[in-house]
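Going down the list, the sequences are from chains A and B.
Here the first sequence stands for residues 399 to 511, numbered as in our numbering.
Here the second sequence stands for residues 930 to 1040, numbered as in our numbering.
A couple of the hints might just be wrong.
[Stated by the list, open to error] As a list, the in silico DSS-like pairs of lysine-lysine whose alpha-carbon atoms are at most 25 angstroms apart:
(1) Lys1032/B <-> Lys455/A
(2) Lys1032/B <-> Lys1010/B
(3) Lys455/A <-> Lys1010/B
The hints are simulated quantities; they were obtained by calculation from the structure and are not laboratory data.
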Amino acid sequence: DSGVTQTPKHLITATGQRVTLRCSPRSGDLSVYWYQQSLDQGLQFLIQYYNGEERAKGNILERFSAQQFPDLHSELNLSSLELGDSALYFCASSVDTGDSPLHFGNGTRLTVT
Amino acid sequence: GQSLEQPSEVTAVEGAIVQINCTYQTSGFYGLSWYQQHDGGAPTFLSYNALDGLEETGRFSSFLSRSDSYGYLLLQELQMKDSASYFCAVREAQAGTALIFGKGTTLSVSS
């Protein structure tokens, strides 16, 4: 158990809808990362937060947004969903923004129909 | 920007040794990490190399050559449970402090 909690585990929704994915980092970790993993694809970096502030941005679509709250949990909001957004979304946390290992949650599997 | 290249698939038999290579191109380099992911599961950290040389952790070792922008993960005494995807990753300057992953190598271990 990595200590990172992601909810929900599974999400099925229709095109055009909006969903929110939630992540609670490991106790003591200040940094939260979001990754998208499509079928047979690698881990695509979306966005990183550190202690409530956005720290780095990857190939995150404008339809997607995220935030990290004062209690350090994070939410990833996906709107105007398309079929191609179906993927496994992982949250990871680390102690800092340096070379500390990332600890991944079990992911949220999003299916857009 | 950055790019990481690693083989898409590797096959081996139980008890064998396998090496998974990773070459990278980055604008600024901090270190090379390796993660393991079993099918549909969460990636887990295996190793990190910031300096040239070999790091050994049990049956797994990782190597880095900064001058060659190259590293590898060495898995010894392979077991069926080692069947998984293995990702190399770099933290590089232009991506801020984010960890950028390669596309992964799927290792299949047979008996």
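Going through the hints against the structure:
1. Lys1032/B <-> Lys455/A: Judged against 25 angstroms, a Cα distance of about 19 angstroms means the pair holds.
2. Lys1032/B <-> Lys1010/B: holds (21 angstroms)
3. Lys455/A <-> Lys1010/B: violated (35 angstroms)
Violation of the numbered hints given earlier is confined to hint 3; every other hint is satisfied by the structure.
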